[in-house]
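Construct the complete structure from the given sequences, taking the supplied hints into account.
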Amino acid sequence: MTWARRLLLVPARALAWSEARDRSDYAILASVLFMALSAYRAWYVLPSPYDTTIGLDGLLSIVETEFPAATVLRVGIGAFGAVILLLLLAKAQALAKLRWPGWLLLGATLALPFAMQLWSPNLVRETQVIYSHVDRASNDIEFNLKNQQRDWRDLQRFDPSPVLRWATDLSGYTDWSFEMLGLAGQVDVLDALGLTNGYFNVAGRGWYFGMSGLLVFQLGVYGRLTGGRRYLLRDLPLIPVCLVSVFALILVPRAIGEYHSQVAGRAISKGDDTHALEELRAVRFWIPSIAYSLAFQAEIGAITQRRGCMSCPETYLYRANNAVAVRDYQGAARALEKAAALAPEMPGMRYWLGQAYVESGIDIFNTGQYTAADRFFRRALAYVPSDALAWYGRAIVQLRLRDFAAAAEYTHQVVRLQNYLGFKKYPPHAQWLLARSWSAYRRGDFVEAHRYFSEYLTPELW
Amino acid sequence: MTAAVRPLRSWRLLGFGLAAAFIFACNLMNVLTPYRAAPEIIADRADWIGISPPSNRAFFRQVIDLPFTPRYAWIAVATDDYVLYVNGQAAAQNQFAINAALSFQHRLSDRAQGVNPYVVPAARAPDLRLATNREWRVRIHSDISKQLRRGRNVLALSLQTADPSVRVSIKGEIVGDGVSIPIDGSAESWHASRTPDRIRGQSWIVSPVRADGWRQASSLGPVEEPLQATAPAGLWTRPLPLTGLTGPEIAGDVRFARVLPALTGGPTQSAWLRVSSTWPYTLTVGNTLAGAAGKTGKTEAYDLSRFLRNGPQRVSIRLYRTGLTDPAMPVVMLDGAVGSLDIAPDSSWNVLRRDDPGWLDGGGLWESASMVPMSPGTRPITLQIPTSKGWWAAEQAFVWAACFAGIALLFRALGGLGGLARDRTGGRAAALWILSLPILAAGAAYLLRLRFKETDLILDFLNPAQYGRSLALDLAMLVLAIAVYLVLTRAPSSAPAVVPRFRPGSAALSSDAKVRLLVLAISLLGFALRGYHIGIENLQADENVSLDAARGVLRTGAPYEISGVLYTRSAMYHYMLAGWIYLFGSSPAAARMMSVIPGVAVIFVTYELAYLATGKRHLAVICALVIAVSPWQINQSRNIRFYQQMQFFGICASYFFLRGFVLGRHKPSQNLFFAMGSLAVVCQEIFVLTFPGFCIAGYLYLRPYRLRDNINVVIGFITMMVVTVLDAGTFTLLCLTRNIGITTSIASIIQFHVINPTAFINTFFLSELHARFIGSVFFFAALPFWIRRSNAAILTLYILVITSVLAATVLVMQVAARYVFVLNPMIVIVFIASVDALIRWMAFHLSRPLAANPRRFQRAWIAMATPILAIMVIADLHLDGLMRSYDQHLIMQHESAYRYIAEHRRPGDVVISVSPMSGAVVLGGIDYYLEQELQFDEVYMTPFAIVDRWAGGKLVSKIDQVRDILSTASRAWIIMDQAESKKFTPDFLAYLYGVTQPRLEFLGGELLLWTASDGTYVQSKDSGGSIDDF
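These protein sequence lines are chains C and V, in that order. Mapped onto my numbering, the consecutive letters of the first sequence carry residue numbers 1 to 462. Mapped onto my numbering, the consecutive letters of the second sequence carry residue numbers 463 to 1492.
Take these hints with a grain of salt, some might be off.
Stated by the list, open to error - With a straight-line cut-off of 27 Å between C-alpha atoms, the simulated DSS-like cross-links for lysine-lysine are: (1) C:LYS146 / C:LYS424; (2) V:LYS1078 / V:LYS1129; (3) C:LYS146 / V:LYS1416; (4) C:LYS425 / V:LYS1445; (5) C:LYS424 / V:LYS1445; (6) V:LYS1445 / C:LYS146; (7) C:LYS146 / V:LYS1444; (8) V:LYS608 / V:LYS1444; (9) C:LYS425 / V:LYS1078.
Said to hold, decoys possible - Among chain C residues calculated to face chain V with C-beta under 8 Å, some are: (10) ASP235; (11) GLY308; (12) SER311.
It is worth saying that the hints were derived from the structure and are not from the lab. Ideal placement from N, C-alpha and C gives every residue a C-beta, glycine not left out.
Now the structure itself:
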């Protein structure tokens, strides 16, 4: 009976214990939980731009990599959570001292995408390719599914209308202007800070958990019965000042780079090409990742073209950019090939080539030359294996060739790449299942065909 | 020196000066450095033409014979929603009438002529009861030289307005062979029709037949309203001279320059330049890059007004080789005007002979440019917005610094008055007290300008005459403040010199029957505004769904739509609605009245909530008044949907939450909170977005918390959660209708995402047309104040608003402000409380150092500041737009088409529609649902066919299917609309319009009739696949 009595007393004791605690302790405990999840869950993991390849089976062989600063921060937040837990158990009053390290960590977490732009432009570019091309492939599938005029097996084709930004879509490199200070410029400001839709949707849950944990921790500190309000009133003016200062500080190099860019623009308009080239070099110094922008390289190329420098790769990048502007992707690919022959290691070269090939493949596909289109898609994948649009292109080529099994395999690569996005769209998964269903049907396995088709119509089961 | 005086010596004084200078600089920069010329008042005489009797839609055409090849032609149109066709091609348009929420001039085909090229990204559905912008106030010019040809030409206009008063004013000119033919805008020259009838088998926009059988347009008299042009009209009305400038090529460049004189004729004067070049070029004004372009056969027009206001400027044009495929001869054609002075391509333009790094400043060797005659081919004009950036900031910074210096000087000067009031700060307090009033007025004026940025009222702010008025107002406020100050300092006083600490408001409540009567009167006003013309609108899409579901309840006992779909959303609302229409009838007006009741009740509850939160009856009355006249509230209260009911229960829940958890521990209120919260969830499941806010506020304010004392809270919480889960479960029954294909848009609209982190925030805090801008500015600006004051009630409202909007941002896929409609009274309460707090807080702190009699100064300051802020709050309500909206249709009027069909339908007639919703209510179902591209929840699969989920029409998505239907029917009614037409391929549209005749035009759409006996046939290509393929 003793153990039974003890068991009955447990809830009562737990109740008494819980009532004796300041409720802020629960918030702080919750914040520790969030921080633990943050340390455990990946923050920013992508297929490595260097190590991911096409395997022997012709499919993606993904090697993942995490942005190093994200690893450091997630370990840091995990450690911070551990310290909080220790203090909570040992000396809860001292928790207030941790609020400023907490704010600092929050600022660093928010600044992470900006740091990535600065130090890991390859990953930014990879993010952009995965995000925008999974999205575009998905929209294309959806467009075809919604368009009742078409039968997806026979008539699926690429929507040629997406807004053309690919050559310059390195986020945050929109032209800066004073409109950015107004409400209409808010998206540009977020972009400039690295907080793009691409980042938001590729960043792993750990990043969100980390920020949630740090915010809940502050709620716990400022919500404490003893001294919480006093700390809040004391810190209140400083918190926004510090956060704004962090953002202002990280934007300084960008602002200097932008200043040089504007001086370069003026020098070009004056016809002072030498000065313009100097200024453009200065832009690259202050904003290293701008080297990945074809539009930026084309600005240099316009000058080298005028000077008749045929051994300068930028001259061909300028021509490629012009070709892109009139949607002549095969022309762009040819110009890029010449540039690549002169400077194969140029940052961004493989992305530009990959993009030019995939767009060329789309054009050729829409003219009905499926095998030729497939050749372009394969070329694109040789440069950028994580290009979902190229995989999708290969898949619909196989649909036309009535090889549903191969179509399903290639669509599955899109689904695999989609797994790196935080928000899933239905169409890639749907088309994968549908292709598998047709594949089974074609080989006479009606049971399996029915199973896949039923799955296709029941997204709740995915 | 006392503690009270110390703040004046601190950095706060500098901050005050900088902030004040910034406010003045913002106002002044609009005058001194506007980025483009102010709108011109159109002086020439013009007439309105229209159709009689007045209508929402009309079609006009004019046939013009041209005996020459046109070199140059322009047309200027002042009207509302329109499309201008020239020889069958759409040459210009401005289509906005089916969405009153669109920003002013946002749908102009030539966005550069719009005064508002940038708009904040937000969901724009007409959620507010506000009239459409008066786009007719601006005459838009278009270059139509490219579309015209020698011989017979057809000008055609499709017009539409939200109220039945379609009218247009037209001017224009066609030039060629040294002859100029005006485009006649008089009624005699235009033929009009209510429907776009084909003319001898041809479309009305291309048929060259003069005797078209249409009526002559009606003359509606001369244009008396001041029409404006947002860009200098001369850009279009003058032909480009047929003279080009050329010069020697130096290292691939040809450079021209001349000095343009300053604009001296005041802000109404403008300066512009048009450039057409064979090579790419850059245009530099002084040292500022103003633009760049260059394509043979095009003309770019630049508004240079802002560059020439500060003095004469050297304008340099650099033509450069690209090194690719440049034409052999570098020639630039140009002309322009600076005020009344014409700029011609003559010898005043110089060309550079020898390069020099300082060529932009005149360095190098220059000589007169050579002139060459040019061929008279067409070179269409496009307006360019000047591109210069960065350097403009220097000007702005300079104005800011100048304002700061001016304020500092004025501050010193006014400081001399300080001694009169025995001011212990050496006059600084007196100067602050006086200066604060004109600063407040300037700030209010600027906020209003931003507030009305997206409405046609922005034209009044851009009017140069307005600049003087603003300045006069500021000066008047300054003089008034000085006068009041002098009077007060000289008046004897016996009041104590020391004032108590600032208190934001008393929390003591008292009952006052008279005030409640006032609230009753406000509620009657609210009732009138909600009930007046309640039937003017046709049923909106979602209204049909709810009305049909309620009729299903009466028919079957369950909310079955005509299509067979079981509409399980908000069971409580639909059963109540069923009871209501059983008692009062199912006409739209009668059904809408059910929403009026919670709409009016919310006024009462807002009053009580505001009184509870602020402790002041007069503020609560103002909040109730604002809610009574709020366009958002009025619109939702006239809607057959559950949002108004959800808001009522939600606001009741908030009221009881404050009483039970925040301001007191009133147990019945706690229980009522859970009851009301549960009812709100049952009304609209999206109310769950407020739960995080309630949880956080409960966490912060329900202290101390003991389980045994608050067991009712636990039970209430669990009950509310169970209700929520059951409600969500019932709601998902809706999804049991079978999918026909999997697309992202069929997914639940509630799921975690970070797709668009700013859209929901913009949509709620700015709203359509910036309608909540001022309220939101005060909402956020006052947050530190309320935190500092630890006002638990107001802070709870903050928590609820902010967390709910954030929750909506990351959880709701479809961005729509109505999902957080419950928050509107909360933001209104915080807004009004913050305005009140601002006045009294500033009055207190500004008057405190005035030792003689601070109380008197405080009262005087409040008396002067209150009207300024009151005017701002009243103007913010945009009552003019609200009142005008009662004569307008704000949504597409499909229901009228169905009623027309009901009146004219014969046995065997088939009804096909792109918008089946009203078909369910008016006709009890339709035969076919016509849609080429499907959206999220439009269709579902029955054992027999794919049908639409409203009226049960069988899906028709291919031309072949339409042809099959038409081959077996004697007559077919087809409803098309502007929104859905965009989802059809041109082939499909050509087929539909080719085989039918228009029967009725309604706002946003048209009713077409196919009659077998007409024998019309249109070929269409085989798009592949069989008819039943999906």
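- [ ] Against the structure, test the hints numbered earlier, and report the numbers of the ones violated in rising order.
- [x] 9, 10 and 12
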